[in-house]
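Asks: Now for the letters of each chain:
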Amino acid sequence: MTKQINWKIGGEAGFGIMTTGLSFAKLAVKNNLHTFDYAEYPSLIRGGHNSYEVIVSSQKVTATKKPLDILLCLNAQTFSENEARITAETIILYDASDFELPEKGRRVNIPLKDIREKFGAIEIANNTILLGASVALMGWDKKQLINLVGEEFKAKGEKVQKLNQDLVLEGYNLIEQNYGQLIQTFVGEEKKAFPALVITGNEMYALAAVAADCRYYSAYPMTPASSVLTVMADWQAKAGIIVRHSEDEIAGVNNALGAAFAGVRASVGTSGGGFALMTESLSFAGVAEIPLVVLLSQRPGPATGMPTWTEQGDLLFAVNGGHGEFPKIVLAPGDITEVMETTLKAFNLADIYQLPVIVLLDKVLSESHESISESLVEKYMQSYEVKRGKLVTQLTKDTYQRFLDTKDGISPRSIPGSPGLAYQANSYEHFEDGHTTESALERVKQVQKRKRKMNTYLETDFALPTVLGNLDKAEVVLVSWGSTKRPLLEAVKDVSSRSVAMLHFTHLYPLSRTKLASFFGKEKHYIIVENNSEAQFRKLLAAETGIYIEDVWLKYNGRPWWREELVDRINNLLKTKKYV
Amino acid sequence: MAIKKALAESGLALEEAFIVFGIGCSGNMNDFLDNYSMHGLHGRSIANAVGLKMANHKKKVIVMAGDGDTYGEGGNHLLHACRGNHDLKLFVHDNHLYGLTTGQVSPTSKKGMISKSTPQGMIDNSFDPLSLALTQGATFVAQAFAGNVPALIAIMKEAIAHKGFAIVNILQPCVTFDKVMTYKFYLERIFSLPAEHDRQNLAMALSLVMKAREEEKFPVGVLYQKEKATYTEEHANLKAETLLDKKRYTDFKTLMAEFR
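First to last, the sequence lines map onto chains C and U. Taken in order, the first sequence gives residues 1 to 580; the numbers are from my numbering. Taken in order, the second sequence gives residues 1 to 260; the numbers are from my numbering.
Straight-line C-alpha distance at most 27 Å; calculated DSSO-like pairs for lysine-lysine:
1. C:Lys379 <-> C:Lys238
2. U:Lys253 <-> C:Lys191
3. C:Lys379 <-> U:Lys246
4. C:Lys451 <-> C:Lys397
5. C:Lys379 <-> U:Lys253
6. C:Lys238 <-> U:Lys247
Derived from the structure by calculation, the hints contain no laboratory data.
Produce the complete structure using the sequences and hints provided.
Replies: See below:
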């Protein structure tokens, strides 16, 4: 079993928890350790309970684990919230002068109040001191720590920078000098995947979008998609792109359609509620055949729901959103590498097939960081080919017909401004040349043409699900889509049985009945694992392919699947041999 | 057709002017013009136009829509387009009712108007596009009357030549559905701007508009015009080529730096 250390910090909002967590992850990566993190926070700016945990390992790790190794308690609530995860070995750092803790784990008193007084620091400095202590416990280099803290506070001036460096060193030295027996140096040996980036799904979406030559992004802030807007807006100065914080989501999507019509790659980003407002406009994109990439990061609904928590509740909405029948593609990455791959692909697909492509994320994928090899990311970005599909720049026939009926359903598309190739991007049903029509014949022609685009996609660009493990030998096959991939992967590794395999889907809609049939043998026990209450992927798979999976594991309490929950279920299944 | 003449007399080649049409009787003008155009969703023309202009700011972007579309369904986009002084030319065909859906009230109907959707008379006050545009930052605000085509064309040309958000509210009797606000009704109430009107004076324009509203009269002419930087002029990334013509950005290493 590969060694994995699970570190966690908790406290009230506004006390630097998120920053400290990220610092810990970045330092881990500098020590050649793979990281994955998970944060929880309520929909508040101050107060409430925030937590951030990072799991580090010498091999790729994609889920946290139940037993905690190091717990930083900025308040007593952190202890009570995590009591079930504390073992006899858990090192608990806290200020004993601030609150008492029951006798559990290995408690270490860090006199935060005294230290702050010594340096004249305010309460938010607690997390800095504890970061220092954490780094000492991990046996990581002091200098790296000082540099990181220095970088972090550079913008705040030399005085603040030095203060924080002193604070972090104080925490570090305290452990080194008084708790040497607790120090367990943990550094990775594998050099291949490093240096690595520590990046969230949203940040990777933004990066991949820019790499895919997306030049226009409009959005209305909505958790958990908002950070894409922030990152893209920040990159305007460097990358020359244009970002518009629109007055509402309907404006955002229509701005993007205007830009896309003009010939520029465009995207919008939102969550379920915002997507709801955009659906009429998706219908417009579908009939007028305007390329658009929509980032939909799901959170628990319905309505306002639980804004800062996670769910996979909008799959069917993404597939069906937009009145009328029109072609669209729905993709769902399951980890950071897939976010990169599917986003890069999404922009090409949108242009080639001239339709809306939805990239489905969720809170945990949008906001959790994974470490990923920097050279891998660079390789993908540099080798990416921008494919714009059937663009026409010169008039070859007498008149140009934007919606020409073609064998593959895809018509030649002109970029507005080109002489002689003017057309109308029409939301009404139209003739091949774009003018409005109510003719029965022309209507059928266009409907069939649009449908044909989907068939062409299924033949040409539809990606099969990935198999992890040996599908032939497996008796139990766990089916995943989106973020359930990560904890499921860890659970399957933990169980370590040849009878178990995973089938992970990234291209969710449309689905090809003929191409998928071979993956679903009758003798095996399939289980779809989802983060919703309606087993939406089961419904989709059945509707699209006729393949009905009886067994589903559903979780819908706003939290992701924990690997131990999955391990228990898998082991139970194997033990009782229920698949017979 | 006024717009066709205005465009031609403005010396714009077909590829130089993009048009976004609304949904309604006025939107069906799309079939008479051969420019690159978008005929999008009801109420969303301005939103399409904003994005279109940002992608290719060297083209003229014209919006042709109706009062229901622009002031009802699309009211929010109008408001914010004024705020941004987006360089669009908005021509609203204001017949103060919903014609295509056979005769309901629109935001610019008179208070008390009886219609299929308001059989007991519309309770709301009529929407005033002119004062809205004036107070939210539009830099060219005008009103015209469809009964005087040469004057309309002249105003349209001025709007097209103007740099910034231009709105021309075109008073247009609907001969099919409106038996109250007829040509006669308008001829009795429209008035040209007084000689001393200073179109650069915002306060003057606003008070003229509010007074006319009170007296149930309709000013015709250019009420306000100011030279101000447009949205795309103020955007740091659009100082030279258009977003469309820029070279593809490839320095990904620089962007990746913050994740190290």
